[in-house]
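With these hints in hand, go ahead and build the complete structure from the sequences.
So the sequences go chain by chain: X, H, W and P.
Just so we're aligned, residue 1 is where the first sequence starts under the working numbering, counting upward by one.
Just so we're aligned, residue 1 is where the second sequence starts under the working numbering, counting upward by one.
Just so we're aligned, residue 1 is where the third sequence starts under the working numbering, counting upward by one.
Just so we're aligned, residue 1 is where the fourth sequence starts under the working numbering, counting upward by one.
Derived from the structure by calculation, the hints contain no laboratory data.
Misleading hints may appear alongside valid ones.
Given that identical chains are not distinguished, each listed pair holds provided it fits within a single copy or across any two copies.
BS3-like cross-link-like pairs, simulated, lysine-lysine; straight-line CA separation at most 27 Å [claimed, not checked]:
1. Lys86 / Lys67
2. Lys67 / Lys120
3. Lys67 / Lys36
4. Lys120 / Lys86
5. Lys119 / Lys36
6. Lys36 / Lys86
7. Lys67 / Lys119
Protein chains: 4
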Amino acid sequence: MATYTNRLTVRLQDTDAAGILFFANQLVFAHETYEKFLEEINCGLAHVFEQRSYHIPLVHVEADYAKPVTVGDEIDVEMTVTNIGKTSFTLDYLLVGTDGAEIGRCRTVHVTVAESDMKKITLPTELREGLERYYESP
Amino acid sequence: MATYTNRLTVRLQDTDAAGILFFANQLVFAHETYEKFLEEINCGLAHVFEQRSYHIPLVHVEADYAKPVTVGDEIDVEMTVTNIGKTSFTLDYLLVGTDGAEIGRCRTVHVTVAESDMKKITLPTELREGLERYYESP
Amino acid sequence: MATYTNRLTVRLQDTDAAGILFFANQLVFAHETYEKFLEEINCGLAHVFEQRSYHIPLVHVEADYAKPVTVGDEIDVEMTVTNIGKTSFTLDYLLVGTDGAEIGRCRTVHVTVAESDMKKITLPTELREGLERYYESP
Amino acid sequence: MATYTNRLTVRLQDTDAAGILFFANQLVFAHETYEKFLEEINCGLAHVFEQRSYHIPLVHVEADYAKPVTVGDEIDVEMTVTNIGKTSFTLDYLLVGTDGAEIGRCRTVHVTVAESDMKKITLPTELREGLERYYESP
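Listed below in structure tokens is the structure:
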């Protein structure tokens, strides 16, 4: 069991006129964490795009908001792999402040498809093995 | 029963290097539709921000992706109000192409809070009456 | 001489925690206007991407800010073509409020390159003819 | 003389369907660098927003594009202060790849205004002293 953690800082570009993080950017923070995680397991998007064999489209996302954050606030995005299927996987993200308070949660569900016809394919071994290192039974 | 529809076009800024709409922007499209709907019922965010009495933060969002879209594609975002609670409401969005094919779905859940202490308050009458005009039993 | 005008409304997603339009989004508004203009002259980006013959990368942009705008404000982006070179063209944009007050200005400079080797090419005829219809001597 | 350097990685969210960094995001990268620089000199935006005494609006920005970058590419944004006026300052940014090749350049011009009436004010001492530490005669 392992959690992949990504620390980031809320920037002006991430906020809106309500003075807080624009809601969709919580999911962008989750996705940035996912991209860094993919690089950590040697399946970075640059690698995936270059080899032109498969894609990993999102099929579902969700987010819950617990506490507003704003410019300059630091956030730890803690990601775990909560499901590994035949052709899909699920990532859960907990966003916490430096005081440990929950800011929100996200979930993203991904499938793997062949670049050639965009039909679902079994998770490539390189990806599955990386995911298993961060799998946590929910 | 009524549906509020917002037609928009996917722009370069909305896409990513996979050649399609960046996933979080489907939710931004939903939110733009929500903002136009609020103006339609005379509760636009400009009005809400100016009167400084209440806010309408999001507490939950989700999105499902059915079909990729790209630069220049036209989308109809069809919004209905699917729940009106004491202090919250739920909006469902269906995104369809000009050929009628489903592109995806979104859901956003909002609560109303007092500007003074950010505690939950009963939906203001102006907002509740507008929402009821677009309510559709799910 | 002709001006291509695009009316748009500032949305929450376009603003930041200073309560106003996030600076880079003034240029995004200019680019959205450019994309609609390209469609108007039958050279839309969807068309350009599909025919895979040439690209129109930006080489320079600038923006000046005169008056802050915020959520719900309507803006007219008035675009003119101010230079048509052998392999490049320049677009100037004036952003004005519905009261006629200047909000800001943008300029974008584009070149045409071959898709095959990304080397500069003479402006394709379809594009040059469209640009000439909106050319205005500065 | 000193340069403030910010290393960042291009993420999917930063790119567009042309497969490269969306042009406006080069300026967002510059602004992120500026925000980190402000924190370095103890004038972070969080601090500026909290003390409610002055604001630092942008009045002009520009960007030049030399070389396209895409998902996973690392960039060093090298910032210097190239002008310190009575009520304004100018920042220049050079973006270079890890191979040392120039990716592009940005410039941002800022003024200081009083929060009370948004009229121009002399650069606050805390800000001027920090800027002087990174000033480089152009």
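Let me make sure I understand: some of the numbered hints might not hold for this structure. Which ones are they, in numerical order?
none
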